[in-house]
Amino acid sequence: MAATLPPPRLLPSGDSAVTVEFSRTIDDAANERVLALDKALVAKPIDGISETVPTYRSLLVHYDPGKIGFDALGEKLLAIAGPPLPPATKARRWRIPVAYGGEHGIDLEDVAKALNTTPDDIIARHAGGDYRVAMIGFTPGWSYLSGLDKSLHMSRRQSPRLFTPAGTISIGGIQAGIQCLAAPSGWHLLGRTPVRTYQLHRNPTFLTEPGDRVTFFAIDHKTFEELDRAAEAGEIIAEQVVA
Amino acid sequence: MSRLVIASIGPASSVQDGGRYGAQRYGLTVSGAMDRLSLAAANTLVGNEPFAAAVEIGPFGATFTAKDGAVRVAIAGAPRNADVAEKPVAMDTSVTLKDGETLTLGFARGGAFTYLAIEGGIKGEPVFGSLAVNARAGLGSPYPRPLQAGDEFTVDAASGAPELRIELPKPASGPIRVLLGPQDDEFDDANKALFLGSEWKISATSDRMGYRLEGPAIKHLHGHNIVSDGTVNGSIQVPGNGSPIALMMDRGTSGGYPKIATVITADVGRLAQTSAGTAFRFLEVTMAEAQDEARKFAQAIRNLPDRLRSSDTVALNIEALNDANVAGHAVSAVDAGTWQVAAEP
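Protein chains in written order, with full-length UniProt numbering: chain A, 1 to 243; chain B, 1 to 345.
This is chain A alone, in the form it adopts within the complex (with noise of 0.2 Å):
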C-alpha cells in the first residue's frame, strides 16, 4: 500500500524547521510512513536535529541551522524517508470512557437532526468506531483521530466555540478528536471523556501517542463524575487492552 505513495516532498518550514511531506491528504498510509521515518530519525539521529513533529502526512523536522544547512539536511531526509521503511513499533489500544449528550455534548441532537436519525444512533456509531491517532497537536494532548465512521462525515460550525471544556470528545469534517484541554473549537461536541490525554505530575504525563488505536464506550454521566474525580487524582482511567 505504501509503495502507492508518491516520493516525499522537503518543504521549508522558515530557516529552521523542514516539513517531509508524504501526502496531501488524511491517508493512513502515508501516516505509517510518517512515524516510520520519524522512529528512524530516533534510532539514527542526524546531528542538528532538535525536535520531530508527527502530523497525519508529514514529519516537521526542527533543526539548528547552525549544526546543518537545509541542503544537506534535505539530502539525508530523503535518503531515508525516500525507500520503504519499516513499519513503527505495534500500536497499543486504548478504550476511552465518553459521557454522550445533555451538558456533556452539547451538539448531539443537533449533530442527529442535521443526519436525519436519533441522538443514540450517532453515539452507537461514533462508540462503533475503530480509530486511529493520526497526530496530537494544536493543544497539550489534543489527539486527532482517522476513522470516523463515513456516515458521521459533515462540516464543522460555521461560527468555531471561543470556548470547549476539557475532555470534549468531538466531531469535524471527516475527524475525531479527544480534546484535552479547554480550547476554542469549531468541531460538533458529542461528549466529553473524564480521561486525561494529558496530565502534568503524572506518570506518564502524555497518554497517548501517535499510532495508538483507540474506542469509545458510553457511560452515564454519574459514571463521568466519579471517573473524573479519580483522573483528577492522577488515575489513568482509560483502560489499555492488552493483546
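What you were told as hints is all true, and nothing was included just to trick you.
Quick list of in silico lysine-lysine cross-link-like pairs, DSBU-like style, CA-CA up to 35 Å:
(1) B:Lys123 / A:Lys67
(2) A:Lys150 / B:Lys219
(3) A:Lys67 / B:Lys296
(4) B:Lys170 / B:Lys201
(5) B:Lys219 / B:Lys201
(6) B:Lys192 / A:Lys76
Some chain A residues well away from chain B (every beta-carbon gap over 12 Å; in silico):
(7) Leu85
(8) His104
(9) Asn116
(10) Gly147
Computed beta-carbon distance windows for the label pairs:
(11) A:Gln240 / B:Gly197: 50 to 56 Å
(12) A:Glu226 / B:Ala204: 43 to 49 Å
(13) B:Ala217 / A:Ala124: 42 to 48 Å
(14) B:Ala193 / A:Arg9: 21 to 27 Å
These are computed hints drawn from the structure, not numbers from a lab.
Beta carbons are placed, not taken as given, at the ideal position from N, Cα and C, and that holds for glycine.
With chain A fixed as given, assemble chain B onto it according to the hints.
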C-alpha cells in the same frame, strides 16, 4: 533571600524564558520570550544564562519593590521611562534596588515587550526544562498565568556587583524578512505578490499566540482548508477570510490553514516588537540568506557578554533617549485575557 514584589502590572505580562522544547509532538506549546535578543540582553546584564526566565512586561506600566533586602535587576527590550526613587534608569542597564525601593516602568514607547531580568534568575519548577508561561495550558512557574499585582518572587540577595550597561548591536530595520512556504503553492503568483508587495499592520486583537495582520485579503488557490500540519514560530497562515496571522510563541503546534510564508528566525523578535497599528512590509529572502542570518543572530546572543560596559562610562541622557523613541502612544498589541486568534483545530 530577598523578595521582589509586583506592586502593579498591566495585562499580558508573564514569566518567560527561552521556551519549552521537546514535547511539541504531544501538542505542548513552545512559549518563551517574544523577543529573545532582549531577554538575553537583560539576563546577560545580571550574569544569568541568556535564556534564563525573566519577567516579560507587556505594553503597559509596572512597578516592582524590593523587600527583605536588596535586589539587582536589569531591563531591556521595548523602551520605556524607568526610575528608582525618582532617579531615571536607562534601558539596557542593570540597577540594584535597595530594600524597600521601587522600580517604576512606564508604558512601552514603540515596541511591546520589555524584559526584567533578576540576578540569580527566577525560581520555579520547570516543566520540560522551562518556566515559560502558557496561560491557556496553565503551564509555567512560579505563576502559570499572567502576572498580577501582589505576585512576588523569592530571589537571591543582590551581589553588590557594579552596575553595567550593554551596548546592543544596532537593531535591524526595514521589512520583516520571510521565506515562502511551506504551502505557498496554495496561492497563485498574484496573491503571493500581493502578500509581499503590500503594507501590513498588526491588529489590536493580537496576542502571544498570533498577530493578526491587517491589509489586503489574500485569496487561496484551492480553498482555505488543508490537512493540519506542523507550525513553527513565525508561520504565517492565511485563514478563510484572507487576513494572515503570524503565529507567535504561544502558537498551537499544528494548524489547518495554508501557510504562505515563514518569518526568518532573526526577525521573529522584531515582528513581536512591532506596535499595533505600525505599518510594515515583508521581504522574501533565500534559504541561504535566512540561514546565514539565523547563524549571525545566534552568534550575536553568544557574544552579548563582550558587549557589557561599566554603566558610569557614559552619562546617560534619558531625555535624548526619549526623543529618539517617539513612536506614539503604544496600543495594546497583546491582551492576555483573550485568545481570539486561535483557529479551530
